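S.K.: Got chain A; can you put chain B on it based on the hints?
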Amino acid sequence: MDWILQFLPLGTERISIWIGVLCTLAIYSLLYRENPIYRFFEHMYIGLAAGYSLGPLFVDIIYRYWIEPIWVQGYWAWAFVVPYGMYLYFIFSERYGWLSRIVIGTLIGASAGLFFQEFSSRYLPQLNSTLQKPLWVSSANPDVTGWDVFVNFLFIAILLSVLTYFTFSYEQRGGVKRVATVGRWFLMIGLGAIFGNTVMARMALLIGRIYYILSDWLMLPLGGGGG
Amino acid sequence: MSLSHFIAQWQLPEQGRYLYATLVVLGASVLILGLAPVLQSLPPRGRRALIVTVTFLAGLFFAAEFFLPIDWTAVFPKDDPTRNFLTPAIQPAQNVLQIIGALALGLGTYGLVRLHLRNVVQKRTQWGYSVVLLVAFVTMATFSILNTLSEKQLVTKTPLLETVFSILFDYTLVQLDAAMFSLIAFYIFSAAYRAFRIRSVEASILMFTAMVVMIGVVPLGAYISYTVLGLPQGPAPENADWWTRFLHSAGLPTIAHWILTALNAPAQRAIEFGVGIGGLAMAIRLWLSLERGVT
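Taken in order, these protein sequences are the chains called A and B.
Here the working numbering is used: position 126 in the first sequence is 119, and no number is missing along the way.
To convert, take the position in the second sequence, counting from 1, and add 3; that gives the working numbering.
Bound conformation, chain A alone (with noise of 0.2 Å):
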């Protein structure tokens, strides 16, 4: 009698894990086919998620980069950003729908300009992080063993393959195309490393909803936590 208290909806707490376990059940419910409950929850999940990120955008953006500087700070030359940015809009008008590329071009224009600084933080550590890989065992580094020179050239003879595959600036022939070959089978490796952990991260996503069921909804003693 208490569990049956305790399980039905009688509090705001157990609405609200009611309210998430018929939200799981009805997206699960496509695996059986396409149905009328699925469409509902579909559409209520796009309606939220597109809700949910107006309070961000124009809290933490519009208000904290725009509004408060103006109003609160008085700096009077941000007014001209948001009528500026408000010309994405006439993408709607067949007669004026040029002008929102003048928006785009900017937003276009200065990703692009930031792509050098994106670059030379991003990838040229990485090289200079492979090139700095020590290739030979000496007393100068005393913790570097065969082995760990043994995986070093590997690393760069596996980096090396994969750019040659990659290259396709000329026709791949004789010597550059065994290499070619080679440089795919470790792609393979590695998507198949990629594929290997989606999967595990979409079955503990997974794990977790049946725990939620379980533990949170049905309230079996079950032990350990959910993800």
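None of these hints come from the bench; they were simulated from the model.
All values reported here derive from a predicted model rather than from experimental measurement.
One should not assume that every hint holds.
[Said to hold, decoys possible] Distance condition first, Cα-Cα at most 25 Å in a straight line; then the derived SDA-like pairs of lysine to any residue:
hint	chain 1	residue 1	chain 2	residue 2
1	B	Lys155	A	Phe146
2	A	Lys126	A	Phe146
3	B	Lys126	A	Tyr31
4	B	Lys155	B	Thr25
5	B	Lys155	A	Ala42
6	B	Lys160	A	Tyr56
7	A	Lys126	B	Glu275
8	B	Lys160	A	Tyr58
9	A	Lys126	A	Arg115
10	A	Lys126	A	Tyr116
11	A	Lys126	A	Thr160
12	B	Lys160	B	Val177
13	A	Lys126	B	Ala265
14	A	Lys170	B	Ser207
15	B	Lys160	B	Thr145
16	B	Lys155	B	Thr264
17	B	Lys160	A	Arg57
18	A	Lys126	B	Thr264
19	B	Lys160	A	Ala42
20	A	Lys126	A	Leu156
21	A	Lys170	A	Leu156
22	A	Lys126	A	Leu184
23	B	Lys155	A	Lys126
24	B	Lys160	A	Glu6
25	A	Lys170	B	Ala206
26	B	Lys155	A	Arg115
27	A	Lys170	B	Ser203
28	A	Lys170	B	Arg202
29	A	Lys170	B	Gln271
M.R.: What follows is chain B alone, placed relative to chain A:
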């Protein structure tokens, strides 16, 4: 006088700031939006030239700030030697991009709402789902904005706001999100079956690696290796022979870890280098408006 000091002077007076700010925003809106009919009178070539110029200047600012030498004191002796004359303007420029980016995201939301409003007004097929979407959107948008404002202490956080937002976010959106993404777990297996069915060297390598990683990173891998097969666990002793060392590193978790760090990492890095060089080439093409269809 540095650029930042110069900009700092463009402040409205504290007395009556709200009124002045409102007037300035209205004036700026009228000015900028009033420019639209003027720009509309440009011929097609002029329009393209304008877009190309704006794109180039936006890219030039960030590129110049990055490439110009840091020490600019030879030209501006009183400036900070650790930055060039464009550096102080970087943060405001990034804030401008953030605002325009937010408006671009809002454009997507506006498009979604517009489409579903039209479905409802014209009573198109399955318009009831559009009503669900719009009701969910309006309710969540209201409580999301109120909740974010209350976190900044701009509105009072009432118990009703807290409860409703918690039900909408924690017990509905988060649950739907987790369920939707975990649903992929089922489909990923069917995708794997199709991928692995292809009998080739590449498919076999992919399958073998995926299986080792999948089993190796979960407790099942450790159970098979150390309990069923009885392999020794942990690192080998300092002066162990090669066979003992081999047995210590033959467990599935160790092999999975080695595949991820020694074989997967260089392949990923090569892909990243390819993406980086390709991205750089694309950035230059976009910046110079050589990519047709964008500008």
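S.K.: For each hint, tell me whether it holds in the structure or not.
M.R.: Outcome of the hint check:
1. B/Lys155 to A/Phe146: violated (53 Å)
2. A/Lys126 to A/Phe146: holds (9 Å)
3. B/Lys126 to A/Tyr31: holds (21 Å)
4. B/Lys155 to B/Thr25: holds (22 Å)
5. B/Lys155 to A/Ala42: holds (21 Å)
6. B/Lys160 to A/Tyr56: With Cα atoms ~18 Å apart, B/Lys160 and A/Tyr56 stay inside 25 Å; holds.
7. A/Lys126 to B/Glu275: Cα-Cα ~18 Å, so holds.
8. B/Lys160 to A/Tyr58: holds (23 Å)
9. A/Lys126 to A/Arg115: holds (18 Å)
10. A/Lys126 to A/Tyr116: holds (16 Å)
11. A/Lys126 to A/Thr160: holds (24 Å)
12. B/Lys160 to B/Val177: Status holds; Cα separation ~21 Å.
13. A/Lys126 to B/Ala265: holds (13 Å)
14. A/Lys170 to B/Ser207: Roughly 20 Å between the alpha carbons, so the hint for A/Lys170 and B/Ser207 holds.
15. B/Lys160 to B/Thr145: holds (14 Å)
16. B/Lys155 to B/Thr264: violated (43 Å)
17. B/Lys160 to A/Arg57: holds (19 Å)
18. A/Lys126 to B/Thr264: holds (14 Å)
19. B/Lys160 to A/Ala42: holds (22 Å)
20. A/Lys126 to A/Leu156: Satisfied, since the Cα-Cα distance of roughly 18 Å is no more than 25 Å.
21. A/Lys170 to A/Leu156: Given that 25 Å is the threshold and the Cα spacing comes to 12 Å, the pair holds.
22. A/Lys126 to A/Leu184: holds (24 Å)
23. B/Lys155 to A/Lys126: Violated. B/Lys155 to A/Lys126 sits at ~48 Å, over the 25 Å cutoff.
24. B/Lys160 to A/Glu6: holds (19 Å)
25. A/Lys170 to B/Ala206: Holds: A/Lys170 and B/Ala206 sit about 19 Å apart, inside 25 Å.
26. B/Lys155 to A/Arg115: Not OK: B/Lys155 and A/Arg115 at ~33 Å, beyond 25 Å, violated.
27. A/Lys170 to B/Ser203: Given that 25 Å is the threshold and the Cα spacing comes to 18 Å, the pair holds.
28. A/Lys170 to B/Arg202: holds (22 Å)
29. A/Lys170 to B/Gln271: With a Cα-Cα distance of about 20 Å, the restraint between A/Lys170 and B/Gln271 holds, given a limit of 25 Å.
The structure does not agree with the numbered hints 1, 16, 23, 26 stated previously, though it agrees with the rest.
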